[in-house]
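K.L.:
Assemble the dimeric complex from its two separately framed chains, guided by the hints.
Residues per chain are reported as follows:
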Amino acid sequence: MAEANPASPPVVTPVNSGTAWRRLGAALRRHPTAIAGAVVLVLMVLVAVLAPWLGTVDPLTVSPVKRLKPPSAQYWFGTDMLGRDVYSRVIYGTRVSLTVGLAVALAATAIGLAIGLVTGFVRWLDAIVMRVMDGLMSIPSVLLAIALIALTKASLTNVIAAIAIAEIPRVVRLVRSLVLQLREQPYVEAAVASGTRVPMILLRHILPNTVAPLLVQATYICASAMITEAILSFIGAGTPPNIPSWGNIMAESRSLIQIAGTILLFPGIFLSLTVLSVNLLGDGMRDALDPRLARRL
Amino acid sequence: MSEPATVAAPATLPTPGNVLLEVQGLRKYYPTRQGLFAAGAPKVHAVDGVSFWIREGETLGLVGESGCGKSTTGKLILRLQDPSAGSIQWRGREITGLNAGEMRIIRKELQAVFQDPYASLNPRMRAGEIVAEPLRNFGELAGSERKERVAQLFARVGLRPDQLVKYPYEFSGGQRQRLGIARALSVNPKLIVCDEPVSALDVSVQAQVINLLMDLQEELGLSYLFIAHDLAVVEHISHRVAVMYLGKIVEIAPKRTIFTSPAHPYTEALLEAVPVATPGLRRARKVLGGDVPSPINPPSGCRFHTRCPYVEARCRETEPPLVAIAPDHLVACHLRPGSIMADPVSAAPSAA
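Chain order of the listed sequences is A and B. Position one of the first sequence corresponds to residue 1 (our numbering), numbered consecutively onward. Position one of the second sequence corresponds to residue 1 (our numbering), numbered consecutively onward.
If we strip away everything but chain B, and leave its shape as in the complex, we get (with noise of 0.2 Å):
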């Protein structure tokens, strides 16, 4: 893969010892033709080097418009797609050149949570195999302590020990979401990565699995890179966020910061869009015009200059790097004056 001259990577992110994944550079293009004339064919850019890292017993928060690449992301993570570029480290070990037999011994400690809640469960399936899938594959117990184990995960997600013989559709959207969690904790991983768990339930029932996903973290210390397209949702369960614009990471910061101070104009308009709970608060709302470019071939310079609000012309020449501005707030803009570049000692993350 051929690297694009202006790309600044992240190369100097801090590594504290306690990190569980680290993601360098990663990328992903897809080529819009297949076969002979793939080569010359442009690509689409869907993840354009993403560098983040997720601690133990950390949830990241991973932020974007539909189409931005988060969801590519965490496939890449799960190894469910290869990279085009770009390195991810579980535990210190490099994993994008291990083979399908060497992954799987991976896969154990790092398991998912699907957007479809019920596409993602096979529908001939029933509830009590599906959860025990992971086990099986791994070897892990055998008739009745596995039946026992499987019975205590459906206990501990909230299903009832009758539903163990029923099939997905007999299930609500809540149910099956908690059977995906049943089917991920089964072989007590150490990283979930959960590609918009909630956004296909009803805002009630996204409340109850964030819930669950929470008691399960502080109960487990599960780790979880959960991808979301809004805030509001990510602001409940995450300790740090990750705002993704069109393949790339515009802004990661500790919660507290992206909701109060965000630096990044991008991260700025989706804290607009989040809707506020105070009868006749009125707001002068900043709408983002515009549509979000074609990620076949994106703008130049900094990739939100056609539409952010405060563009300059220096944004649409160069790229701006991700740069750190605070202990552990790293931010992609021309605009932040005072940005002082990463050093490993003074960005590295406080400890959790």
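Chain A with its partners taken away, still in its complex shape (with noise of 0.2 Å):
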């Protein structure tokens, strides 16, 4: 660097800047954990979408006779209580989780981004947003959901949209404080100085700055979606009945438990396997967009 041309003034090392990505895959490399997160991720992304090809049946096909199997050669996963094979249903069951999941990060990301964006701007805006968002926080995530689904139908559009409105104003709070923070930089204040309009100063200046902890936060948000729609199905308030998913498969093997307990098993694992891969892989994301952070944790 500086080595090269005595005559230049010194390098300095890049602290904060366009290498985010590059030190993000950087990181990633460095946090096994991460990977392992990411490659189980990938591998329950293939299964969603190659489910009819995964040696499965239709998940919907009722056989009574067949019913209550344990796990066998044929029904890898066993039967349940009509006869249906969880395997298949566990496989498609990964559809409905992983939509679900990325549907409400991606949905509660977006929204939350441009609620925070113009509360964090906009002062007498802030006292209002921030109040409401207060309020929705107040109630339990899950129950926020319940009584959402209560006003609507079952469906998956409305699980998704209500679980996305619980999720929202963490969303809201982070972009918040982030703006909060990035607009008293100074090149926030060059920038009003040399004649940026507002629009412009959050396009050019802020939102750039708000990707990299977005990011992070939206895969704990996909985590966190996923449990809920199992706990929403589990008690009979989220996915319908006809569609299975895995909170479903739970709920229906619950009173099965002594019976047949593997039922409950497969789902269960592979709920907590894509659970946790997600929340890997945030926390190598995390640690590698702030480096701050990983070294206080």
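Keep in mind that the hints were calculated from the coordinates and are not lab data. For glycine and all other residues, C-beta sits at the position ideal for the given N, C-alpha and C. Don't take each hint at face value.
Said to hold, decoys possible - Partial chain B-side listing against chain A, Cβ under 7 Å, derived:
#1 ASP116
#2 SER120
#3 LEU121
#4 ARG124
#5 PHE138
#6 GLY139
#7 ALA142
#8 ARG156
#9 ARG160
#10 PRO161
#11 LEU216
#12 GLU219
P.N.:
Quick look at the structure:
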């Protein structure tokens, strides 16, 4: 660097810049657990996409004669009380969980980002919106989702919307705190002084700096949305029973736990594994994108 | 805002014809509490009745200790913060009441260079984009013309064309400040508020940046409000110097007068603190004792009385007004005999 050209002033090591993506890659490589999480997650996505070709049968086909079979070569995870193939149901259930997780993460982040940007920048709106958010946050997210589902009819879209609404306040709080911090940055002041209009300040100077922490937050939201979906389905307030989701399978097998405990086991393992891998990936990203936080933890 | 009764605003400061910026009785009080209970809470008197003017092609140095309100004064002029009271006139037009859109038009002529050359550049933008931002904001030049202008600005401030695509972290401190200067220059401003532009730089680089600013002034007829915390930096670049203490200007005079015959004890003390480059020279140093009092509850009377070596009884009671003791030499001190009251004619600044 500086040695090559003695006349040039010393080059300062990058601190916080466009190299964030490169640092993300490098840091993920340093975190084997995050890699493991990513691998499991990719496998889950493949499972969801390729569900019909993974030796599954129609997860809805009922055959009462073959009900409550233990795991065997034909029925890998056994059959449930209606004789449906649990393996096929769990594999198809992956689709529901991943769809809900991703959709909620996307919707909550996008809406939360928009609200957070505006409230962080418009002082008078801030007090109003944040009180509403505080109100929403004071209700446990599962309870809020149940209440919202109760207002509508059970469908996958409604489940996604209900969980997303419950998650939005967390994003708003994060984005608002980032905006409040960033708007005091000298370069934002410099932009104002050089005549930049407010929308361009948000777009050019504030938004790019919220991407990294938002990405981390989105993974946590994804994980928590999958759990909430399973909880809702388990108590019968979520995904309609005709769609095989992990929560539904567990709910149906609850009463059979002493007769055929394995039915409950498999969707449970899948759910835990997926949520764990998403969280591991999120932890890895957080460490990669915020070196200060990583050192503290 | 309630006006403290003791404040004697220099109401009759001379107003020569080619004044660019005129500030009168500028005040900024920060509430120590926010929200519902802010009304009765004590306030920080960051800037408390500051008046001065800047003529075309002139550099006014604004000097004072940290926390004296000099940077706040700069931000108020740039309308990055709203003043609590007072008037700011830009080429005869009051700008304190302007809304963001109206102020934006003024900003084309009124640019700024900031203290921290790293923090004042967006780390995610390339150098060329940073310098082009004001041009984009004002829809000036497009496409290749804009690129050409940016390249020209780069050359003017001493940066290489290959650095256009670099990110701020790839520059040294001095180069970053050159970027900041190029950004301020891009829209051909008339006045640049320089908020401690060199205090974060190495001494050798400070001189380069100051020389660049002076060259640009000569070439483009710019005016500067040059904010700094030590007199040594200001000596080189300023035509006139204003000394601030606890939110007030205590002395304002042409550079030579400030450095050869300072009239305010605080200016004297600041001059004592300037290192002298003569080996073996021993001076009887008069070092100021004590700390700067709190701007939340500033001292009564003259704000400097708690640290002034010549303090008298009246200093504690009445606040000295800023008065002219010579043409264009204004001082706020009771102990200056022969103070002549500001007279618009005799106190008018002589042509630069």
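K.L.:
Next item in the hint list is PRO161/B. Is there a CB on chain A closer than 7 Å to its CB?
P.N.:
At 15 Å from the nearest chain A Cβ, PRO161/B fails the 7 Å test, so the hint is violated.
K.L.:
Quick one, is the ARG124/B hint okay against chain A at 7 Å, beta carbons?
P.N.:
With a minimum Cβ separation of about 5 Å from chain A (threshold 7 Å), the hint on ARG124/B holds.
K.L.:
Report holds or violated for the interface hint on LEU121/B, using the least CB-CB distance to chain A and a cut-off of 7 Å.
P.N.:
6 Å, holds
K.L.:
Closer than 7 Å between Cβ atoms is the bar; does ARG156/B clear it against chain A? Give me holds or violated.
P.N.:
Violated: closest Cβ of chain A sits about 17 Å from ARG156/B, beyond 7 Å.
K.L.:
Against chain A, run the beta carbon of GLU219/B and see if the smallest gap drops under 7 Å.
P.N.:
21 Å, violated
K.L.:
Would the hint on LEU216/B be counted as holding, given a Cβ-Cβ threshold of 7 Å to chain A?
P.N.:
17 Å, violated
K.L.:
Given PHE138/B as an interface hint, is its Cβ closer than 7 Å to any Cβ of chain A?
P.N.:
Holds, because the Cβ-Cβ distance from PHE138/B to chain A comes to roughly 6 Å (cut-off 7 Å).
K.L.:
Does the closest beta carbon of chain A sit nearer than 7 Å to the beta carbon of ALA142/B?
P.N.:
Not OK, violated: ALA142/B not within 7 Å of chain A, min 16 Å.
K.L.:
Can SER120/B be said to touch chain A, with a Cβ gap under 7 Å?
P.N.:
4 Å, holds
K.L.:
Per the CB criterion, is GLY139/B less than 7 Å away from chain A?
P.N.:
Violated: closest Cβ of chain A sits about 10 Å from GLY139/B, beyond 7 Å.
K.L.:
Using Cβ atoms only, decide whether ARG160/B comes closer than 7 Å to chain A, and label the hint accordingly.
P.N.:
Status violated, d = 10 Å.
K.L.:
Going by Cβ atoms only, is ASP116/B closer than 7 Å to chain A?
P.N.:
Constraint on ASP116/B satisfied, holds at 6 Å.
Going down the numbered hints, you'll see the structure goes against 6, 7, 8, 9, 10, 11, 12, while the others check out.
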